[in-house]
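Novice: Sequence lines, in order, name chains A and B.
When you line the first sequence up against the numbering used here, it's residues 1 to 513, in that order.
When you line the second sequence up against the numbering used here, it's residues 1 to 404, in that order.
Check each hint, because a few of them may be wrong.
As the list claims (entries may be wrong) - Ranges between beta-carbon positions, derived for each pair: (1) A:18 - B:186: 32 to 40 Å; (2) A:45 - B:311: 31 to 39 Å; (3) B:129 - A:398: 42 to 50 Å.
As the list claims (entries may be wrong) - In silico SDA-like links for lysine to any residue, alpha-carbon gap of 20 Å or less: (4) A:399 - B:70; (5) A:234 - A:414; (6) B:339 - B:255; (7) A:325 - B:395; (8) A:431 - A:467; (9) A:399 - B:348; (10) B:148 - A:52; (11) B:148 - A:56; (12) A:8 - B:70; (13) B:344 - A:17.
Calculated directly from the structure, the hints in this document are not laboratory data.
Idealized CB from N, CA, C, for every residue including glycine.
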Amino acid sequence: MRISSLPKDVVAEDSLQGIPRQQTNPTRWQGEQWHDFVQALQDAGIAIRDKHFQTGVYITDAGGLAHGLPHGVVVATSAEHIANLMQLAQQFEVPVTTRGGGLTTEGESVAFGGVLLDMTGMSRVLSIDKDALIVRTQAGIFWHHLAETLRRDGLDYLSAPLNLTSSVGGTLGVGGIDVNSSKHGCSADQVLSLQVVTPTGEIVECSDAENSALFERVILGYGQFGIITEATLKIRPYTPLRMHYFYYSSLRPCVEDLLMLDQSQSCDYTGMLTMMDSAITLLVAFDSEERETAFMAYYQERLRGYGELGFALRLAANFSWRPWKWKEALFLLQRKRELFPDLEPAHHIQDGQMYDRAAVFSKAVWKHWGDRQMVIPDLATNADKIVAVVERGNAVCRKYFPYYTLYCVGIRLRDEHQSHYELSSIPSDAKGFAYGCEFEPMYHGQVYSRDSLQSFKNEIYDVGVDLETSYYRFGGMMKGYIRQALGDDVVEKHLKLKQAADPAMILNRDVIF
Amino acid sequence: MRQVDVVIVGASLAASAAAKRLVDAGLETVILEKQKLPRHKICSGILSPRGHRFLIENFGALPRKVLHEPTSCKGVTFHFPSMLSMSMDFFGGPTPHLHRKYADHWAIEQSHAEVMDDTSFLSQQQDEHGVLVTARKKGGEAFTLKAKYLIGADGPVSPVLRSLYPTYHKDIPMFFVGQKFHEIIDCPLDEGYFHFWFHPDLGHYTWSHARDGRQIVGVGYKVGQKFHERHAYVAKYFEEKHGVKLKPADADHEGCSENFGPSLINRYVFGKGRVLITGQATGFLNMIGEGMSCALHSGAIAGESIVDGMLHNQAVQPIYRQNIASEVRRTTDQWNPLKIAFAKPHEADFPKALMAMPLKDRLILLKDIWHFVKLYKEFKWGRQLATLSVQRLLRGDYSQNNWL
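All chains, please: the whole structure from these sequences, using the hints.
Specialist: In structure tokens:
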């Protein structure tokens, strides 16, 4: 029996591999009620910016593939302010798209007409409880700003995305992964409670104990069920980092070692980062000397990776009998020269420990990986499929780009948070750990059209269809895949919930439904 | 005088894709179409999987009315003079059989651009600030629109292209393709496939497939020969060799000019200054003669280039040429013998189908293809194609020096 509310594919059932694809570049809202709506906003004292030079800066997101111009922009000032806006938007059926740092890559924070709600107007830390290790913050704050505030008291968040100009609210809405996600889970797992403005304009406090149904939907909910205005997060004492790198010449052993380390929980931070598919780095790091010593004594020799010198010699030997690969050798040398000093900058290192990984990593990420457009399609899987995913995704990258990076981390799943994960990127067949791998081209001065980058992303996502994985970046331009990964039942169930919570279907529409 | 951001000439798939990108970015976009919409369009209507995907991603699920019967096509079947045949399924499943009259109109409507139909493009004049576009509504006075950019998405004999390069169409070989529709008495050709003949006697481009209960007999050849004679010859061949029994052709036969060479030899035209050429007008054509997927993608690239140019306050032509390079690679790769042999530039697996045949048949078939290719000898494309293949191998790209 057909459960899907999508129109049947009239071409043929098995067209495009049978994936029920949906329009991913949404049709622009045509603005029929716009003038009445603006008048009502003005009467309610809500300022709207609708000049082209004001709306034009929001035309795209960090992904740079989706471009859409909002009719007007509202900068959030308070929950009450947003609640007023949402009530009027429901009444006039005007779409509202929320945006924090705009670091989405699938057009989730791009408004194809309607109102763009800029959350960065709400960016204050409200209170810090040093004893209970809890922070309450407005949700439009960027992670680096939160980190700076916490550092003053010797504190740290549990986990945040490496691109620290993403907002707290936006991250909690999608997940967020870090190199310590194998220990702490995704960024959304550190939330204790939220203040949310619902699509109909009510202000509700929610947590696992209070209004839990709303909490479960808002966490990892792609902004469908409410706008996060404030968040209470679990925090921890700040610790400097003890870093080690191991080098691999092929993907499989590196990913297998990563899986083994995550299972053992012997490291506080783990992640795989490739320079090329023949030069792969496994990063491990520790919060304390005891953990580091214990790891070095038992696990170091069980890893198949090399130290820096050993790997350099191996590479040199490799290139010496394949001289036509000199370009690759040059690239690696150049990469080493540029990258390594930035990953271990002298002014952040003391006694071999890195002080403030947040600052170091986020700067390095933007400098060496962030380019004109953050094109980072990804696949999220259980532990069994990650090796195949990495290898096949790598083959797609190789077809499109001379140079690219793979970034792969484990995410510890919290049994007590199972109910949060239902309509999320967490693969439903993952037990204990989920794995995410991002595939990021390095443009190297070459210009690619949006259209060709989209083809690349589609091809990565099709690997996911084939291997029945999930995707970390559900949303916007890849919503056609969500039914494939989660099944029609789950999507239709949530669509019904969405229709009940947001009768005019105006809040962040076109993102997943 | 009315001022707009962009004028697009033509209401085709390329135009709809460009319009989509422009309208999304909030640009005021006007489409000029010389016929009344929805308008008839001569086309086989078999879209590639890539084009199908583009339509869904940008315009949503296809409505039934934009499709012919059979609604889909599984792949292509090649026929050879030696009477060998080989079938290849499209990667990713069957593709739509578009009814261009309604498909194009649907896509244009979904783009939400403003349409002025029944309106012919007359001329353009550009300066550093914009383009003055003169047009005329049928039976009305000529009028002028002042636009920041003009896009020519007006097909192989593009009037916009002619306004930039008046002699262009005389300087390249032009072909004629025509199709006639027959009631079927008995047709053993599988209606799930698009059929193509590698036969030098039949013509440069010979095809057949089912549509709405009739069979299409299509012929393509260099401009200057007689359509009805060529068609009669092909229909007779189909009957004698393949047992295709058809009633005499119905009265609604049709034909049009095609520019078929530029994709082979990388001599595309992308415009000048603030005037961009896109779609089939540039010369984009896939190997089975499918131009729709190239049209959609190149149209989108024209649109995004204008958005980028305005966003970064830069000249649009260099941006367009950088962006379009990927589409050039994709299309010209399909004609590149090295790519055909060692990569998979097409959307169906030719090498696999070939290797599935017995060795003896393979040799016969390759000989047949060679005889067919010799038909194109007079255009002197061989050496250029060989040079391009080596160029692609060594520098990973095709040169932009030949582009207009």
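Novice: Take the hints in turn and mark each one as holding or not.
Specialist: Cross-check of the supplied hints:
1. Range check, residue 18 of chain A to residue 186 of chain B: about 33 Å between beta-carbon atoms, so the 32 to 40 Å window is met.
2. Judged by the Cβ atoms, the range 31 to 39 Å given for residue 45 of chain A and residue 311 of chain B holds: they are separated by roughly 33 Å.
3. The hinted window of 42 to 50 Å between residue 129 of chain B and residue 398 of chain A holds, with their beta carbons roughly 45 Å apart.
4. Among the hinted pairs, residue 399 of chain A with residue 70 of chain B is inconsistent with the structure: their alpha-carbon atoms are about 35 Å apart, more than 20 Å.
5. At roughly 14 Å between alpha-carbon atoms, residue 234 of chain A and residue 414 of chain A fall within 20 Å of each other, so this suggested pair holds.
6. Pair hint residue 339 of chain B plus residue 255 of chain B does not hold up; C-alpha atoms about 32 Å apart against a cutoff of 20 Å.
7. For a cut-off of 20 Å, the pair hint linking residue 325 of chain A to residue 395 of chain B stands: about 15 Å separates their Cα positions.
8. Taking the CA atoms of residue 431 of chain A and residue 467 of chain A, the gap is near 17 Å; set against the 20 Å cutoff, the hint holds.
9. Taking the CA atoms of residue 399 of chain A and residue 348 of chain B, the gap is about 17 Å. The hint holds against a cut of 20 Å.
10. Of the pairs offered as hints, the one joining residue 148 of chain B and residue 52 of chain A holds, with about 16 Å between alpha carbons and a cut-off of 20 Å not exceeded.
11. Restraint check for residue 148 of chain B and residue 56 of chain A: satisfied, since their Cα atoms lie roughly 17 Å apart, inside the 20 Å limit.
12. For a cut-off of 20 Å, the pair hint linking residue 8 of chain A to residue 70 of chain B stands: about 16 Å separates their Cα positions.
13. Pair hint residue 344 of chain B plus residue 17 of chain A holds up; C-alpha atoms about 18 Å apart against a cutoff of 20 Å.
The earlier numbered hints that this structure contradicts are 4, 6.
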